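Visitor: Below, each chain spelled out in residue letters.
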Amino acid sequence: MSPTTPARASVRKTWKLYIGGAFPRSESGYSYVVNDAKGQFVANAAMASRKDARDAVQAARKAFGGWSSKTAYNRAQILYRVAEVMEDRRPQFLDAVRQSEGLGSRQATQVVDDAVDRLVWYAGWADKITQVVGSANPVAGPYFNLSSPEPTGVVAVVAPQRSSLLGLVSVVAPAIVTGNTTVVLASEERPLPAITFAEVLATSDVPGGVVNVLTGPPAATAPWLAEHMDVNALDLTGLAGDDEAAAALEASAAENLKRVLRAPAAEPDWEADPGIDRMTAFLETKTVWHPIGL
Amino acid sequence: MVKVPETAASAPLFDYAPAPESRAIVDIRSSYGLFVDGEFVDGQGSSFKTVNPATEEVLSEVAEASDADVDAAVKAARRAHSRVWGRMSGRERAKYLYRIARIIQERAREIAVLETLDNGKPIKESRDVDVPTAAAHFFYYAGWADKLEYAVPGNGAPQSLGVAGQVIPWNFPLLMLAWKIAPALAAGNTVVLKPAETTPLTALLFAEICQQADLPPGVVNIVTGAGATGQALVAHPDVDKVAFTGSTEVGRRIARTVAGTDKKVTLELGGKAANIVFEDAPVDQAVEGIVTGIFFNQGHVCCAGSRLLVQESVAEEVLDRLKRRMATLRVGDPLDKNTDVGAINSAEQLARITELARVGEDEVGTTGGAGRWSPPCDLPERGFWFPPTVFTGVSQAHRIAREEIFGPVLSVLTFRTATEAVEKANNTPFGLSAGVWTEKGSRILWMANQLRAGVVWANTFNKFDPTSPFGGYKESGYGREGGRHGLEGYLK
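Protein sequence lines, in the order shown, are assigned to chains L and E. The numbering of the first sequence is this note's numbering, which starts it at 1 and goes up by one. The numbering of the second sequence is this note's numbering, which starts it at 295 and goes up by one.
Hint data in this document are derived by calculation from the structure and do not stem from the laboratory. Every value quoted in this text rests on a predicted model; they were computed, and no experiment measured them. There's no promise every hint is true.
Computed beta-carbon distance windows for the label pairs [what the hints assert, rightly or not]:
| id | chain 1 | residue 1 | chain 2 | residue 2 | range |
| --- | --- | --- | --- | --- | --- |
| 1 | E | Ile319 | L | Arg8 | 40 to 48 Å |
| 2 | L | Pro207 | E | Val378 | 33 to 41 Å |
| 3 | L | Pro291 | E | Glu443 | 33 to 41 Å |
| 4 | L | Thr287 | E | Asn721 | 31 to 39 Å |
| 5 | L | Ser147 | E | Val378 | 35 to 43 Å |
| 6 | E | Ser736 | L | Met229 | 35 to 43 Å |
| 7 | E | Asn721 | L | Pro291 | 52 to 60 Å |
| 8 | L | His290 | E | Arg403 | 39 to 47 Å |
| 9 | E | Arg377 | L | Ala9 | 47 to 55 Å |
| 10 | L | Val33 | E | Asp321 | 58 to 66 Å |
When the alpha-carbon atoms are kept at most 25 Å apart in a straight line, the in silico DSS-like pairs for lysine-lysine are as follows [unchecked claim]:
| id | chain 1 | residue 1 | chain 2 | residue 2 |
| --- | --- | --- | --- | --- |
| 11 | L | Lys16 | L | Lys51 |
| 12 | L | Lys286 | L | Lys62 |
| 13 | L | Lys70 | E | Lys757 |
| 14 | E | Lys389 | L | Lys70 |
| 15 | L | Lys38 | L | Lys13 |
| 16 | E | Lys768 | E | Lys718 |
| 17 | E | Lys757 | E | Lys631 |
| 18 | L | Lys286 | E | Lys734 |
| 19 | E | Lys786 | E | Lys389 |
C-beta: ideal position from N, C-alpha, C; glycine also.
Produce the complete structure using the sequences and hints provided.
Guide: Structure representation (structure tokens):
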């Protein structure tokens, strides 16, 4: 490199939050250092505050009516579109996963492929889950009786700490595909793939507010989400192994009887078949009766 | 209740400027071969012409698959099943089906115009119903390909059957193809499909779509031809599954052909649906439903509401309003965006409709308000046309109340009580669909319980969705297409 023509300095991205379809900085003005897997500085990520969490809940609530009343077919199309756009940005996600999780090229490829395919898998569930968990009930009387699943509402998700992309997709997709909206607290130490994923959501016809992404330590926002009276459900997967913190959040969630998906003892194997439990955890069953007769 | 003006039946038509959809978007080749093992090949048999039923213009010449051609197609499908498709994970199969769904969406207008040219249906219908619903079917079943273990209760490890031989009718050419191919492929089967003799072109365009999607060769094979080709296909010893949509007569023949074999069969056959209007029904809505029920797609619909059962107390009012509505139907150029009723699909079908209408005229006579009626409409000179027609004073014994006409011909009967309506509605060897119009929910459900039909529409008619199982009772066939149930016929 000759001294007269220095290398071009790259334009670095500011890593922000994703709330209501916009990318604001934290209201607090705080940020924290994010390092790569080798401990090298990568970026200052926004440190979400209690106020950011409340804004995110408000955005999620506002989006719930529209998102949950879209046809299942339409939600399927939109989730599939997310997969399409993500596939299109594979190189970016490969870099993000290698950087944040320290994976080799082959492993990173596997993770990104699995994340895209998982979105496709969940997209297909939008108009099928009702047929698998709903039922026509043969009650002993002249009544039509039909039970169908409905989304529970706003779900606060503490995303997995280790698996910053595949794990993230695997907890967000099952919550939203059935019509819930979410506030997602990204992996504390590996938050950047979540923000890149938010950029995909923002350009894939997912209405603003359906997924809101916060970055920062769980302690700064999770307690507020757990006690927030406009949050309907809590996914504590990201607190795997931290029984004490998880129990405290579950206790807070009891106030308005949030549905709680408890933290597992250890972070799940995200490459395994996810089954349908993550969807049914955030579904209500509605039964409709109607008399039959002339 | 609003009184209908006396002049109801002769309400003036607005003049519409012509609004033709451009046909420049389609590129029809002068001749087509068969689509076997991923490529277009010359057939070993003869060929036949496919015409535009609205103009009688020859659109293209198409190969008529011989027994040897059918055999080659089945062999290609077998190879593709055992080497590629049957072994591929559902997760990978799904992605091919999603690609096909997307390409149908991308090429939607081109397909719609081609469908209208070859079939004669209004562009409004091919554009807004046939093509989007076909894409939706592929999208829906794509999503099942990687979830088959959830599809059939009690079967946690479902397997594909092998090669499916599928024969489809001319009334919804691409849509029926989608109903057949999407669940078959999702379940891991490979297919040999024969489109109807008079409407092969969108199936051949679909073959191109399979190429664009890089679908492995042999997974989908299209053999064009007439009855003999279809017979060769369903009788082929290496076909594991037969799926047929068409007439009850041919369905019976197929059931005989496969007797004693291990072939799994789905038959979606004829119908003579009752569309039942009670006195408390919202009349305008019911009239729209009656019109949709019988004049949608020129009445070329197996589940068409071809028998109107109307409660005596409102019969006169409903008929007045129906006639007024029929007078506003625009019959003519199928490519015109304002056209409601297009061309009859073939000279043969036109002859059948004409003959049954003539019989109906003799049967019902002209006394006591009975008779045949059509609104005044100018039919084009060339092409195959039949005006929207209604027969009043029809009794259950009349042929036009018993036989499937498969054209824009409605037979009107009356009833006094719900029990009588049920008896009349069920008094048919068919059992595909039925309609009920009443504002009373409990009566809808009571009627739905009593009607021996596979689909019951209440306060709506002719609704279709990939998630919703469709199929008949009795001589309307067996098996269901659509929904979770639609996979059962393609899995073991």
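Visitor: For every hint, state whether the structure bears it out.
Guide: Checked hints:
1. Ile319/E x Arg8/L: 40 to 48 Å: holds (46 Å)
2. Pro207/L x Val378/E: 33 to 41 Å: Check passed, 39 Å falls within 33 to 41 Å.
3. Pro291/L x Glu443/E: 33 to 41 Å: Check passed, 37 Å falls within 33 to 41 Å.
4. Thr287/L x Asn721/E: 31 to 39 Å: holds (36 Å)
5. Ser147/L x Val378/E: 35 to 43 Å: With a Cβ separation near 40 Å, Ser147/L and Val378/E satisfy 35 to 43 Å, so the hint holds.
6. Ser736/E x Met229/L: 35 to 43 Å: holds (40 Å)
7. Asn721/E x Pro291/L: 52 to 60 Å: 27 Å Cβ-Cβ, so the 52 to 60 Å window is violated.
8. His290/L x Arg403/E: 39 to 47 Å: Hint holds: Cβ distance 42 Å, inside 39 to 47 Å.
9. Arg377/E x Ala9/L: 47 to 55 Å: Taking Cβ atoms as reference, Arg377/E and Ala9/L lie about 54 Å apart, which means the hint holds.
10. Val33/L x Asp321/E: 58 to 66 Å: 60 Å Cβ-Cβ, so the 58 to 66 Å window holds.
11. Lys16/L x Lys51/L: Holds. Lys16/L to Lys51/L sits at ~15 Å (cutoff 25 Å).
12. Lys286/L x Lys62/L: holds (22 Å)
13. Lys70/L x Lys757/E: holds (19 Å)
14. Lys389/E x Lys70/L: Between Lys389/E and Lys70/L the Cα gap is close to 24 Å, so the pair holds against 25 Å.
15. Lys38/L x Lys13/L: holds (20 Å)
16. Lys768/E x Lys718/E: At roughly 16 Å apart (the allowed maximum being 25 Å), Lys718/E and Lys768/E satisfy the hint.
17. Lys757/E x Lys631/E: Measuring from Cα to Cα gives roughly 21 Å; hence the hint holds.
18. Lys286/L x Lys734/E: holds (22 Å)
19. Lys786/E x Lys389/E: holds (23 Å)
Checked against the numbered hints above, the structure violates only hint 7.
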